[in-house]
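Number of protein chains: 2
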Amino acid sequence: MKYYVGIDLGGTNIVAGVVDGNYNIIAKASTKTNCPRPDREIAADMARMAEEAVKNAGLDMGDIEWIGIGSPGIANSSTGVLEYSNNLGFRDTPLVDYIKEFIGRDDTPVFIENDANAAAYGEYVAGAAKGARNAVCITLGTGVGSGIVIDGKIYSGSNFAGAEIGHTVIEVGGAQCSCGRKGCFEAYSSATGLIRMTKEAIELHPDSAMAGMAKERGKVTARTSFDCMRAGDKYAKDVVDKYIKYLAAGVTNVINIFQPDILCIGGGVCNEGDPLLLPMKKIVAEEVYTRDSDKNCEIVIAKLGNDAGIIGAAFLGKANS
Amino acid sequence: MKYYVGIDLGGTNIVAGVVDGNYNIIAKASTKTNCPRPDREIAADMARMAEEAVKNAGLDMGDIEWIGIGSPGIANSSTGVLEYSNNLGFRDTPLVDYIKEFIGRDDTPVFIENDANAAAYGEYVAGAAKGARNAVCITLGTGVGSGIVIDGKIYSGSNFAGAEIGHTVIEVGGAQCSCGRKGCFEAYSSATGLIRMTKEAIELHPDSAMAGMAKERGKVTARTSFDCMRAGDKYAKDVVDKYIKYLAAGVTNVINIFQPDILCIGGGVCNEGDPLLLPMKKIVAEEVYTRDSDKNCEIVIAKLGNDAGIIGAAFLGKANS
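From first to last, the protein sequence lines stand for chains F and W. All residue numbers for the first sequence refer to numbering that gives the first Met the number 0, where the first residue is 0 and numbers rise by one. All residue numbers for the second sequence refer to numbering that gives the first Met the number 0, where the first residue is 0 and numbers rise by one.
No lab work stands behind these hints, which were simulated from the structure alone. Among the hints, a few may not be true.
No copy is singled out in the list; a pair is fine if it fits within one copy or between any two copies.
To be verified - Quick list of in silico lysine-lysine cross-link-like pairs, PhoX-like style, CA-CA up to 20 angstroms:
1. LYS181 to LYS241
2. LYS198 to LYS214
3. LYS129 to LYS302
4. LYS294 to LYS31
5. LYS181 to LYS244
6. LYS198 to LYS99
7. LYS181 to LYS280
8. LYS181 to LYS1
9. LYS281 to LYS181
10. LYS54 to LYS198
11. LYS280 to LYS241
12. LYS214 to LYS129
13. LYS233 to LYS198
14. LYS280 to LYS317
15. LYS233 to LYS244
16. LYS236 to LYS218
17. LYS1 to LYS280
Work out the full structure, taking the sequences as your base and the hints as a guide.
Quick look at the structure:
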């Protein structure tokens, strides 16, 4: 059996995992990222977590084929430099070189990739997009993350900053997005977007079930509208319908551009299951350019959750082969 | 010198060209498509035009490395079957086999590709996108055509129906598109979209210069608003500004997804030059996700015009190598 290390570098946690040739995570180690602090210090902790995970797996670093890193920001997979990360406060950090230095083994290759791309690759090699030739993965979380895999290769554009599907405008002049644009897919289809729509509806309908639930729970969450819809609230159903309308628009856009075998959707909002997915798929089927074709993209739910990033990172050596 | 034949199959004309190894068209032959008629008849005329072009070039079919076809619709480049074309009324036409049969030379390979993809590939190998690793080409015509070239390969998705960037919604619930969706990029950024916006403005401002020009010329064209803007009409400038706003939104979307080295824009509307391009590029530069990066996509104007399709088709053997 061959073994690989994947490191998921986040703004909050550093998680390293040892993954076996069957795509199973057999050991993990994690620590806080503690941003902001110097990039070398964070790299030292990443190397330490890799070593700890390897030890936890009962292995030696010599047993590891390669190490892969998933990082927020613009990760240049050719040079190994994390060119820019707003979350981490890094600019032109030679992260691959740092990890090599701290691990101290010249014969262990180290790879780096953007975290959303790494997670998409994880679903592609071992999760819901397994078996696809071309796949696009979208994660509905605080933002809308996305990754594109074409013919087994991660596509990140000529400057390694592409695949920002969340930052495509689906309503010119629409809701403010964190990226500075107005009307981005992310501004509507993220959990944050759903919460915004729910709050707007509560303001318009202060006597609605949503308003009551928000008061009772002390906050509005991405589940408020779905929960109240299930309890029969008409205004909540309007919010859910609106959310699904925008999500379907963005998903249809992605299919019309990429026509992948599989479009994989993940993130907390997907836990809503069929009440979200069935009406969304229905709109996509009606709207997609190939609606009359018998070969259409399959829409599936992500399988690996937070492990996608570690598994994807662990197999970056394959993506780069 | 090596020679190649490219055939541009359109709803109106069939044009075949002989292209030399320097990407120059050295001879052409053309005939009317005369749709609708049986696909075999049209294929026979395509083969005849190829032979005529070769003869016009002073060559023999034995001098030709391969033949490439650019066709409207879903062209399966693996099987050589034109699976569907609304324009031509074809379904599952084995176009590559037909051409091989009519040409009667087993040793001359024949390739097929969607026409917009072939035109994009033409700009990629010999035109405005030459030298790029990744390029996206957009044509602002009756519709908004587009083609994607990644690492020298044409990207058309898993079912050969992708790259329909014109059919991505940029305004949910917006203007009706020919594809059935509402608010597509094409509905705003095609010449047809510009004419619609101009007509809407004329209706609102029947005393405007645009209304006068429309009456004088007997029709509204894609140039009416630009011409009247240059003559100082405020309402015309509003139309142009609106057109540019939507075009910039769609172009920024493409860059945020693909981050190509080069985004190439063609089609008649581009003849407006700087009054169109400079404000559009300014908005894109302000809005693009990598606005703070020093590596940004270059936006250029297509060079090859209608020849792009023939040249791209002629080099399909290279795209498929």
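Hint check:
no., hint, verdict
1, LYS181 to LYS241, "both (17 angstroms within a copy, 15 angstroms between copies)"
2, LYS198 to LYS214, "within (12 angstroms within a copy, 50 angstroms between copies)"
3, LYS129 to LYS302, "within (10 angstroms within a copy, 41 angstroms between copies)"
4, LYS294 to LYS31, "neither (46 angstroms within a copy, 32 angstroms between copies)"
5, LYS181 to LYS244, "both (18 angstroms within a copy, 12 angstroms between copies)"
6, LYS198 to LYS99, "neither (48 angstroms within a copy, 63 angstroms between copies)"
7, LYS181 to LYS280, "between (26 angstroms within a copy, 17 angstroms between copies)"
8, LYS181 to LYS1, "neither (47 angstroms within a copy, 51 angstroms between copies)"
9, LYS281 to LYS181, "between (27 angstroms within a copy, 16 angstroms between copies)"
10, LYS54 to LYS198, "neither (48 angstroms within a copy, 71 angstroms between copies)"
11, LYS280 to LYS241, "within (14 angstroms within a copy, 33 angstroms between copies)"
12, LYS214 to LYS129, "neither (43 angstroms within a copy, 60 angstroms between copies)"
13, LYS233 to LYS198, "within (15 angstroms within a copy, 40 angstroms between copies)"
14, LYS280 to LYS317, "neither (32 angstroms within a copy, 38 angstroms between copies)"
15, LYS233 to LYS244, "within (16 angstroms within a copy, 36 angstroms between copies)"
16, LYS236 to LYS218, "within (19 angstroms within a copy, 47 angstroms between copies)"
17, LYS1 to LYS280, "neither (39 angstroms within a copy, 50 angstroms between copies)"
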